[in-house]
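Since each chain comes alone in its own frame, lean on the hints to assemble the complex.
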Amino acid sequence: MRATLAGAITAGAGGITDIRVLMTHAMTTAQSGQPPHFIRNISLKHNGRTVIESEINQAVSRNPVFSFRLQGGAKGDKIEVSWLDNKGESNRIEGLVA
Amino acid sequence: MNRLRRTLLGAFAGLLARPVAALAAWNESAFGAKTLQDALKGIGAALAIPSKDLLIDAPEVAENGAVVPIEIQSNIPGTSWLAVVLEKNPFPLAAKFDFREGALPFVKLNVKMAETSYVRVVAAAGGGRYFATRQVKVTIGGCGG
Numbered sequence: 197m198r199a200t201l202a203g204a205i206t207a208g209a210g211g212i213t214d215i216r217v218l219m220t221h222a223m224t225t226a227q228s229g230q231p232p233h234f235i236r237n238i239s240l241k242h243n244g245r246t247v248i249e250s251e252i253n254q255a256v257s258r259n260p261v262f263s264f265r266l267q268g269g270a271k272g273d274k275i276e277v278s279w280l281d282n283k284g285e286s287n288r289i290e291g292l293v294a
Numbered sequence: 244m245n246r247l248r249r250t251l252l253g254a255f256a257g258l259l260a261r262p263v264a265a266l267a268a269w270n271e272s273a274f275g276a277k278t279l280q281d282a283l284k285g286i287g288a289a290l291a292i293p294s295k296d297l298l299i300d301a302p303e304v305a306e307n308g309a310v311v312p313i314e315i316q317s318n319i320p321g322t323s324w325l326a327v328v329l330e331k332n333p334f335p336l337a338a339k340f341d342f343r344e345g346a347l348p349f350v351k352l353n354v355k356m357a358e359t360s361y362v363r364v365v366a367a368a369g370g371g372r373y374f375a376t377r378q379v380k381v382t383i384g385g386c387g388g
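Quick note, the sequences are listed as chains B and W, same order.
Everything in the first sequence is counted per this note's numbering, starting at 197 for the first residue and increasing by one.
Everything in the second sequence is counted per this note's numbering, starting at 244 for the first residue and increasing by one.
Isolated chain W, as found in the complex (with noise of 0.2 Å):
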């Protein structure tokens, strides 16, 4: 009796944790990040080398800081993340992506971005890490909202 019970608890238990730790994970360290270093320290890509493969579609002046639109895409094979870092915000590190057999490495997102910074694209693909810049200039400031 005692053991049955034991293993209908952890079965519930199992059931109601997964969801929410699934749901639940959010890298602190790296979206607390106030430099550009940290940011890309926590998300483990402070050694990332260039890639043309890395395409990054952004306006070249952004008159609304507020609502920036980037659009990315990977071509690297086997891409299995995407990050965007906006190099001067107070919180670099603005979004993460990860895409399992099925997805696409490609997201289109609007973004507020403080000043006129690069904005910097990262992947993982396999063991590398790569990245891209593209230069955003800002006219009116968008992290006030």
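Here chain B stands alone, though its shape is the one from the complex (with noise of 0.2 Å):
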């Protein structure tokens, strides 16, 4: 499973930082027929310190795509967003401010 922090971290207008960010996963639910298999945890870092945290069910469409806002943030500044399904797979990635 792979995950892309999509090139969209922006600081805009009013000092609001927009986060897009991309995982490909397959998001399986228990009605396809198949074990379901689904991310259950995102998590996302500003700096260093968790600012989202969020909890997710099979309903997220496949591929997910999150936007996220924060009040502030500068450009360098340091997004890191990590995710964990009920597998037990997991990944991380990282982006900057720009």
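Take the hints with a grain of salt, since some may be wrong.
To be verified - Computed, partial: chain B to chain W, Cβ under 7 Å:
1. T220
2. T225
3. S228
4. R236
5. H242
6. N243
7. V247
8. E249
9. S250
10. E251
11. N253
12. A255
13. S257
14. F262
15. L266
Just so you know, the hints here were simulated from the structure itself, not pulled from any lab data.
Note that the structure is a prediction, hence the values are computed from the model and not measured.
Don't be surprised by glycine CBs; every beta carbon is placed ideally from N, CA and C.
Here is the structure:
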């Protein structure tokens, strides 16, 4: 499973940083006839500090895309997103605010 | 010597256990709930009250239920978490986001919807629980993926 932090971390107007993150994952549901396989936890860190923690379910679409917003954030700040699925697979991606 | 050893082991176990435990939190009873009531109960939102300060942007008609874009935002001061509930899905609770200082209570995501249903967003702010709903008509259900 790969995960890409889409090249869209921007410090915008009003001091708001937009983060768009793309994850490559099947997100298989129990209704598919196969064992469910889906991301359950996502966390987002800003300069090493956790600012968003989320729990998600099978209902999130295949190859999940999320947009988040931070108050503040400056060019060069480090953004880190990690996920963990129900089979214990995980991934972590990093990017800098552009 | 004994005392020193215990201290070191304690510190090491602490280092190992913390990141895993932090990552692995998943509210099984809420996410595994099969009815709207049980899902809401599972996140402590059974008694939420309606709010106009919770914004939901979603298509009126979704031709493909496998990818329904939903954007949510709370203008309620002190919002600490937001949850997305797809009322008629087999497992209604789709996602819950905890926001700490520095994060804005805003998320955009894509979800699968089994059929035409209300999308319910629940927010926690202080001791209060709030909700808003918006209907999405689904042409072809998208939970088979």
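Tested hints:
no., hint, verdict
1, T220, "violated, 14 Å"
2, T225, "holds, 5 Å"
3, S228, "holds, 6 Å"
4, R236, "holds, 5 Å"
5, H242, "holds, 6 Å"
6, N243, "violated, 9 Å"
7, V247, "holds, 4 Å"
8, E249, "holds, 5 Å"
9, S250, "holds, 4 Å"
10, E251, "holds, 5 Å"
11, N253, "holds, 5 Å"
12, A255, "holds, 4 Å"
13, S257, "holds, 4 Å"
14, F262, "holds, 5 Å"
15, L266, "holds, 6 Å"
Checked against the numbered hints above, the structure violates hints 1, 6; every other hint is satisfied.
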